[in-house]
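Enquirer: Letter by letter, the chains look like this.
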Amino acid sequence: MVVGAAPGDENRPENTADCRLPTAHSFYDTSIMKPAPSALQESAGKPIPFWHNPARRAVVYQVVALLITASIGWYLFHNTVTNLQRQSIATGFGFLGKEASFEIGESLIAYSASHPYVRALLVGLLNTIKVAVVGISLTLVLGLIIGICRLSSNWLVSRIAAAYIEVFQDIPVLLQLLFWYALFYESLPPPRMALEPLPGVFLCNRGLIFAVPASHPVYWAILAAFLIGCVIVFLMRRWARRRQEKTGEIFPVVRVSIGILIGLPLLVWLLGGRPTAMNVPELSGFNFTGGMSVSPEFTALLLGLVFYTAAFVAEIVRAGIQAVSKGQTEAAMAIGLKPWQIMNLVILPQALRIIIPPLTSQMLNLTKNSSLAVAIGYPDFVSVTNTTINQTGQAIEGVAMIMIVYLMMSLITSLFMNWYNRKMALVER
Amino acid sequence: MTVYYENVSDIRPPVISTGVIGWMRENLFNGVFNTILTLLCVALFVKIVPPLFRWIFIDSLWVSTSAECRNIQGACWSIITANYRFILFGFYPYELQWRPTIAVLLLIGLLLISRNRRFWKKPLLYAWIVGLFLMGILMQGGFGLRRVESDQWGGLPLTFLLAVFGLAAAYPLGVVLALGRRSKLAVIRVLSIVYIETVRGVPLVSLLFMSAVVFPLFLPEGVTINKILRAQAAIIFFTAAYIAEVVRGGLQGIPKGQYEAAESLGLNYVQTMRLVVLPQALKIVIPPSVSILISAFKDTSLVVIIALYDLLKTTQATLSNPNWMGFSSEAYFFLACIYFICCYTMARYSRQLEKELGAPQ
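The listed protein sequences derive, respectively, from chains A and B.
Once you know that position 292 of the first sequence is 292 in our numbering, the rest is easy, because the numbers rise by one and skip nothing.
Once you know that position 156 of the second sequence is 156 in our numbering, the rest is easy, because the numbers rise by one and skip nothing.
Keep in mind that the hints were calculated from the coordinates and are not lab data.
The C-beta atom is built at its ideal place from N, Cα and C for all residues, glycine as well.
Please note: incorrect hints may appear among the correct ones.
Pairwise CB distance ranges, derived in the manner of DEER restraints [what the hints assert, rightly or not]:
#, chain 1, residue 1, chain 2, residue 2, range
1, B, Gly144, A, Leu415, 56 to 66 Å
2, B, Asn226, A, Val212, 49 to 59 Å
3, A, Leu415, B, Val32, 40 to 50 Å
4, A, Phe102, B, Ile193, 33 to 43 Å
Derived pair list, reagent style DSBU-like, types lysine-lysine, alpha-carbon separation capped at 30 Å [said to hold, decoys possible]:
#, chain 1, residue 1, chain 2, residue 2
5, A, Lys423, A, Lys338
6, B, Lys355, A, Lys326
7, A, Lys423, B, Lys256
Based on the provided sequences and hints, a complete structural model is requested.
Expert: Here it is in structure tokens:
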């Protein structure tokens, strides 16, 4: 706007906008922050009080909001510092280096009570990740099965799935955890009378104990073979797609992939001398030795989380598949695709776009709910931090660490989500 | 050979495609795979249901001592019948337990009345305010009633109060946060986003821990707030973030024309929101709000972790009584029924409402 333009020149577009300002634009609209107040006053002929100027008002509101937040923050900070001084609690993360002096029931890395707190917390974090990873995989499988059952044309199957979804959604997950845990230590026999549902698999109140192949260098080679197989399959899929786009010939990708993924490790096993020795659990004294054992706490936590979350996943899967319009199926049938092709090429790609975002938030929920482990004594991150808080009195640091860990997980998930959404977004002409 | 009918309406459809048989052919035995599935399901039913039925009804004891329960195969419902007053009301003084009973009935009555959309007017709002106030007096005492400190509250009333007060107090906060997140003022928007995303990113347990161990440090010297109120505050702050996201969804569903129309009428921001946008947006978000109430109701069980005597904790306390140790299945089953009935009713209502509101007017 030209400062000093003739007053009363009402036809200039900026000017009309200016005249509308005081009433028509509310303070949330800051898109018209440009006109300088002095020009405003001149063009309107009389001074406009600053509280009628949305741009100025916006600044005032923001400053006030900031001031209120800052003063609340300062007040809380001040109280906290005073209280901590009064109780003579030292702040800071110095305690992390001190000896933890408490045992942890299960750990993925070597740990004993003489290790420092930071290592105890790492054990907790790894346990959280362990239960989250196992839980998410099982939940996806179970949720997918139930979601598809819910859509089954078989009335009985669909009703059972519906009942499952209702019942498990409507009972608090904590109650489910406690129920499974109670079932474990109340209903199952002690190790001496352990149930043996399958040969080599024992179920007792010390958990689930099963036989695993005895360690042998060949297993590492098999793992490597499997990973190499994955890479080959990935490259082959790309090659097959290119070839199909060019020549129209279809390569049997699925069958060949399965062949490679199973065949390659099998070949390595055969060449590596076919080790078959098993590490079978045996009863010695009051407990089992050998084999792999899963603690009752972990199993109860896993069962509770998986059954609860799978109900939500099933609903999401059902809704996603139903959201793909029937015309898509009919069109696919009309061009002669086979049923599995319809599912694979037409329905799933569209359904996944709807399914994945709520699915990720359910996975995140599962991870957050794993913090309920503290109620049944599984040493997850929250549980270990809770013990640390009780021992050291460093409540603020402890709660802050819990929050940061979970926030990081949400952040990583949402980054993944953004990437995925960009990748999957409908490309429209 | 051809059969001629005098009247076409005399021709009946074949028996095997109508009635029970037709329905079964269509829904249970269409194809080999489905037939196998049906048979498997029936087998599963036969294997599970009769023993469960025996456990619940036939071999069970309903009123007995715990010693008698030790000798039976079935469920010992005596743990419930003998301890139901403690499970439902916790440490509330025994002779005054009619008060929480009335409070809970009042709440259920209000919820039932609110189901009906005909009553969704101002009087209902006043009824809620008066009702919640009355409930507070009934629980707390005063006005001639004996005072009961809130650390003696427990059981079902506590669960209900935490959920309902949590939602009621979180709603205004959530609406403000949602508006803040949609605001064009950068500072306000950023503050809202930081709050919402932080709270949604952490588990409720961490907020409850905070209310239990960190919150007392925030208060000036000499001021203390009791544990229930602190937990209630944590639930409110937690729920508000989720409500904010739901309300934001509603706000995004309002067409831009509505904002522009309000502006062209010369309404300011507060008027636009209060008179034009929020009434429409909040109507859209009623069904998801019921879902939040359901989650809040289920989440109240987490206060067990900071040792508040809600429904779940009173049950656990009963189970730790040496007399009644070992009957967890029965106790948790009973509790699951209570939670299921409450949540299922609300969920059904939410779905029905969604259908009604979604239907073309």
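Enquirer: If a hint holds in the structure, say so; if it doesn't, say that too.
Expert: Hints, one by one, checked against the model:
1. The hinted window of 56 to 66 Å between B:Gly144 and A:Leu415 holds, with their beta carbons roughly 60 Å apart.
2. Checked against the given bound of 49 to 59 Å, the beta carbons of B:Asn226 and A:Val212, roughly 52 Å apart, stay inside it.
3. Taking the beta carbon of each, A:Leu415 and B:Val32 are about 47 Å apart, inside 40 to 50 Å as hinted.
4. A beta carbon spacing of about 39 Å between A:Phe102 and B:Ile193 agrees with the range 33 to 43 Å that was offered as a hint.
5. Annotation: proposed proximity of A:Lys423 to A:Lys338 holds, straight-line Cα distance about 27 Å (limit 30 Å).
6. Restraint check for B:Lys355 and A:Lys326: satisfied, since their Cα atoms lie roughly 21 Å apart, inside the 30 Å limit.
7. At most 30 Å may separate the alpha-carbon atoms for a hinted pair to count; A:Lys423 and B:Lys256 meet this at roughly 29 Å.
Every hint, counting from the list given before, is met by this structure.
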